[in-house]
Amino acid sequence: MSYLKMNQVNIGFGPSSERTEVLKNVNLEINENEFVAIVGFSGSGKSTLINLLSGLALPDSGEVIMAGKRVLSAHPDRGVVFQNYSLLPWLTVAGNIELAVKQVFPEMTAAQRKEHVEKYVDMVSLTPALLKRPSELSGGMRQRVSVARTLSMQPKVLLMDEPFSALDALTRANLQDELTAIWSKEKRTVVFITNDVDEAILMADRIIPLTPGPEATLGPNFKVDLDRPRDRAAINHNNEFIALRNKINQYLIKIKEDHEQLSERHNLTCPDLQPIDLRVMYK
Amino acid sequence: MLKYKLIKTLDIAGLKVFEPIIRLAYWDEPEVQAKKIFLFIIIPILAFLVFLGLWDFIAPRHTTKSGEVPTPPVVLKAWDGILIFHNRENQKMADFTLSGEARKNALLQVEAELQKIEETIAHSDAKLAELKNTQEAMVLKKLAPLELEFDQKSTEFNNAEKLRDEALKAFAASIAADDKTAKLKLLEQVKQSNIKKDQERVFLNTLKDQMNSIRSFVYKPAKLALSENSALMAERQYLLKRKDLLSDDNRFIKVDDAKEKLKEKEDDFLNSSGSSLLVKAKSVIRGEESILRIEQSNYAKPWTFLDQIVRSLGCVFLGFAVATIIAIPLGILCGLSPVFMAAMMPLISLFKPVSPIVWLPIIFIIVGGFIDDPEHAIMHPAFISSALTVALCSLWPTLVNTALGVASIEKDYLNVAKVLKLGFWSRLFKIVIPSALPLIFAGLRISLGVGWMVLIAAELLSSSEGIGKFVWDMFNNGSSETFAQMFVVVFIVGIVGLFLDRLMIVLQRSVSFGSNPSGL
Numbered sequence: 032m033s034y035l036k037m038n039q040v041n042i043g044f045g046p047s048s049e050r051t052e053v054l055k056n057v058n059l060e061i062n063e064n065e066f067v068a069i070v071g072f073s074g075s076g077k078s079t080l081i082n083l084l085s086g087l088a089l090p091d092s093g094e095v096i097m098a099g100k101r102v103l104s105a106h107p108d109r110g111v112v113f114q115n116y117s118l119l120p121w122l123t124v125a126g127n128i129e130l131a132v133k134q135v136f137p138e139m140t141a142a143q144r145k146e147h148v149e150k151y152v153d154m155v156s157l158t159p160a161l162l163k164r165p166s167e168l169s170g171g172m173r174q175r176v177s178v179a180r181t182l183s184m185q186p187k188v189l190l191m192d193e194p195f196s197a198l199d200a201l202t203r204a205n206l207q208d209e210l211t212a213i214w215s216k217e218k219r220t221v222v223f224i225t226n227d228v229d230e231a232i233l234m235a236d237r238i239i240p241l242t243p244g245p246e247a248t249l250g251p252n253f254k255v256d257l258d259r260p261r262d263r264a265a266i267n268h269n270n271e272f273i274a275l276r277n278k279i280n281q282y283l284i285k286i287k288e289d290h291e292q293l294s295e296r297h298n299l300t301c302p303d304l305q306p307i308d309l310r311v312m313y314k
Numbered sequence: 002m003l004k005y006k007l008i009k010t011l012d013i014a015g016l017k018v019f020e021p022i023i024r025l026a027y028w029d030e031p032e033v034q035a036k037k038i039f040l041f042i043i044i045p046i047l048a049f050l051v052f053l054g055l056w057d058f059i060a061p062r063h064t065t066k067s068g069e070v071p072t073p074p075v076v077l078k079a080w081d082g083i084l085i086f087h088n089r090e091n092q093k094m095a096d097f098t099l100s101g102e103a104r105k106n107a108l109l110q111v112e113a114e115l116q117k118i119e120e121t122i123a124h125s126d127a128k129l130a131e132l133k134n135t136q137e138a139m140v141l142k143k144l145a146p147l148e149l150e151f152d153q154k155s156t157e158f159n160n161a162e163k164l165r166d167e168a169l170k171a172f173a174a175s176i177a178a179d180d181k182t183a184k185l186k187l188l189e190q191v192k193q194s195n196i197k198k199d200q201e202r203v204f205l206n207t208l209k210d211q212m213n214s215i216r217s218f219v220y221k222p223a224k225l226a227l228s229e230n231s232a233l234m235a236e237r238q239y240l241l242k243r244k245d246l247l248s249d250d251n252r253f254i255k256v257d258d259a260k261e262k263l264k265e266k267e268d269d270f271l272n273s274s275g276s277s278l279l280v281k282a283k284s285v286i287r288g289e290e291s292i293l294r295i296e297q298s299n300y301a302k303p304w305t306f307l308d309q310i311v312r313s314l315g316c317v318f319l320g321f322a323v324a325t326i327i328a329i330p331l332g333i334l335c336g337l338s339p340v341f342m343a344a345m346m347p348l349i350s351l352f353k354p355v356s357p358i359v360w361l362p363i364i365f366i367i368v369g370g371f372i373d374d375p376e377h378a379i380m381h382p383a384f385i386s387s388a389l390t391v392a393l394c395s396l397w398p399t400l401v402n403t404a405l406g407v408a409s410i411e412k413d414y415l416n417v418a419k420v421l422k423l424g425f426w427s428r429l430f431k432i433v434i435p436s437a438l439p440l441i442f443a444g445l446r447i448s449l450g451v452g453w454m455v456l457i458a459a460e461l462l463s464s465s466e467g468i469g470k471f472v473w474d475m476f477n478n479g480s481s482e483t484f485a486q487m488f489v490v491v492f493i494v495g496i497v498g499l500f501l502d503r504l505m506i507v508l509q510r511s512v513s514f515g516s517n518p519s520g521l
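Protein chains in written order, with my numbering: chain A, 32 to 314; chain B, 2 to 521.
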């Protein structure tokens, strides 16, 4: 029995005359404490998928089920790490996390809450920046705060929407390692959306590609059987890794090509316009 | 480090203009700082000096009913006059309630000052008389040749006119009844004679004008001495008043006098009997009542300009507070609910452009309906009306900005609120309002500026004590000094307004996050 499930989910936007179906017939099954990465092209509806899983958006048809219950609205049980951090700029690092903690654990005393906040700030190594505001932090640090905020809610499911895509390569590698380390300490179900296949293989148990939109849907599963912890330097010479990467990349390239073949070609005729010669006019 | 602390303090206080001076003091890129100082400090000062120079040059060239348009030095002097008046009135008020040794000492001091000033005045009178004589002598000297010329010319013209008249009379008598050409010639000659007469009159008038302008000549030292003399007179008047307030008119002296009289009456009452007893009893009671009245009396101090500034500030803040209390909740409602916004839109669009001059009389009458006895109300109705007018005119920018700030909240923040399952109130107070605060404060800043402008007009119209009333009183007084004092008001209103704006910038910065809005 899978823990988080999507059942024949469809969603689209726009008025009925020019409606775009973003996701079509999406089926997904994730086990408890599994780390699933979803890779896809930009514009294929990855953020919509996260919104559906978190309950921020509701499907037009089909259903999202978590632990046997339908997801009908957002809940702290499904923590979301947004692509653009979504920190509240008027609160400090501690303040941002405390807001979440206070809401999710209202029974905590002030001292317990403080301890809790500091624990998660420490987990993402941001203790020195505890009292800083988001505007004083770098992008990597902000995303760390965002991760710490989501983890501090101790959600059952962690939904991450391209969390590292706005960061430079070095910061990105660092955060990947940190996140994997944290996950192996505190196991929980993770859905991690990315456009980076290497990142996905390095972190996930299973990789599911999302076909190009509109009418995107999930492709076949790619199981990642590499041993943990995975060493980012050594893995580059691991044959299994290389083979998997090639397989996924080939699949992505193929569906992209198929998609382009299948999609309607709009042959727009250009209007017959000639530039006006201004020299003639002002002679 | 002290340098960065200083720079940060300046930045928070909205005085970033002076940052280059501190940086220059630390020899931090001196060339860049020198350029900045030149651009942001030297140039504005120069421009202001140019403005003062132009003002000083142009103003005296126009003469009004209230004298020449005052120049900067005259305005500065008017400001001194305002301060002197303020200090003297406060001194008088203090004198009225002074008692015991302090009163006696003050009285002695005032008497000594009076004696001294009498001497100075005597001296000044003599000097003034002398200078006036000099002035007259100068005038007479210049006038003498012109007067002579005038007399000569007028007799000369008179004689010439008589001769012309006689010649014409003779000619007219000699014309035969049918001599048409001669008659026409007579007409021509009469015309010529009139033209001549006019020319002579114009000549004499010009002379007269010249003489008049010489007569109105003012000898500068005499003018200075006169103004000095009148200042001394005013001071003597003030000292005399102080003397009164420290002696016969002093509250405690008056009480003592009244008590003495009461004592006499009481003795008289106790010693008498018969028909006059009742009358005397009544008189004793009246005496007791009058003592009570005197003990509670105060010096009737007129409003001075400085008191009026303070009162205006009180009024603007009251109005601003009312506007804020109305505008922010309404703005939040508008921002939260499109339905409420749609409902409010016609009202906002309709009332926003209405001038304070229209609101004030309406509010004045409405407020008057609630207050029966204006003199004994906690707040004077004119004061309340002015404050409410300020509120009505200044609430719009805050309302519109608050609505905009609340409505344009970032979707990400709302998503955070949704994931956290925040309730309506925590969402409002922890997400919506904080994120709208910078815009709300930007609105408040505009509101306070509008309120300050509106207030002066409202006070002027409602005769509520304050800067506006001061302007109106000075306008009605119409002397050259009060004319100059109105110029003082311009600068005071400007400086206070600038100060209020700075205050709001500092507040606005303290609530804004990320990139700070820079204000001038």
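Hints are computed from structural coordinates only; laboratory data are not their basis.
Where a beta carbon is used, it is the ideal one built from N, C-alpha and C, also for glycine.
Fair warning: there could be bad hints in the mix.
Claimed, not checked - Just the calculated beta-carbon pair ranges, DEER-fashion:
hint, chain 1, residue 1, chain 2, residue 2, range
1, A, K216, B, K422, 22 to 30 Å
2, A, S169, B, A322, 54 to 62 Å
3, A, E167, B, S464, 52 to 60 Å
4, A, L89, B, E30, 57 to 65 Å
5, B, F39, A, G171, 53 to 61 Å
Unchecked claim - In silico EDC-like cross-links for lysine to aspartate or glutamate, where the CA-CA straight-line distance does not exceed 20 Å:
hint, chain 1, residue 1, chain 2, residue 2
6, B, K9, A, E138
7, A, K216, A, E94
8, B, K36, B, D57
9, B, K255, B, E289
10, B, K6, A, E167
11, B, K419, A, D153
12, B, K422, A, D153
13, B, K78, B, E112
14, B, K422, A, D108
15, A, K163, A, D153
16, B, K422, A, E167
17, A, K287, A, E271
18, A, K133, A, E146
19, B, K105, B, E120
20, B, K128, B, E157
21, B, K419, A, E63
22, A, K218, A, D108
23, B, K66, B, D474
24, B, K143, B, E131
25, B, K209, B, E157
26, A, K36, A, E94
Assess, step by step, whether the Cα of B/K9 is no farther than 20 Å from the Cα of A/E138, and give holds or violated.
violated, 41 Å
That 53 to 61 Å hint for B/F39 and A/G171 (C-beta), does it hold up?
At roughly 42 Å between Cβ atoms, A/G171 and B/F39 fall outside 53 to 61 Å, so the hint is violated.
Sort out whether A/E94 lies within 20 Å of A/K36, counting only the CA atoms.
Satisfied, since the Cα-Cα distance of roughly 8 Å is no more than 20 Å.
Under the criterion that the straight-line Cα-Cα distance not exceed 20 Å, is the pair B/K128, B/E157 satisfied?
violated, 43 Å
Checking one constraint from the list: CA of B/K422 to CA of A/D108, max 20 Å. Satisfied?
holds, 10 Å
Would you check the hint for B/K422 and A/D153, treating anything up to 20 Å between C-alpha atoms as holding?
violated, 25 Å
Under the criterion that the straight-line Cα-Cα distance not exceed 20 Å, is the pair B/K36, B/D57 satisfied?
violated, 30 Å
Take the C-alpha atoms of A/K133 and A/E146, compute the straight-line distance between them, and say whether it is at most 20 Å.
holds, 12 Å
Range first: 22 to 30 Å. Now tell me if the beta carbons of A/K216 and B/K422 are that far apart.
With Cβ atoms ~27 Å apart, the hint holds.
Just to be careful, I want the Cα atoms of B/K105 and B/E120 compared with a cutoff of 20 Å; is the pair within it?
violated, 23 Å
Taking 20 Å as the top limit, are the C-alpha atoms of B/K419 and A/E63 close enough?
violated, 24 Å
Pairwise hint evaluation, B/D474 against B/K66, where the allowed Cα distance is 20 Å at most:
holds, 16 Å
In summary, the structure is inconsistent with hints 2, 5, 6, 7, 8, 11, 12, 13, 16, 17, 19, 20, 21 from the numbered list given earlier, while agreeing with the others.
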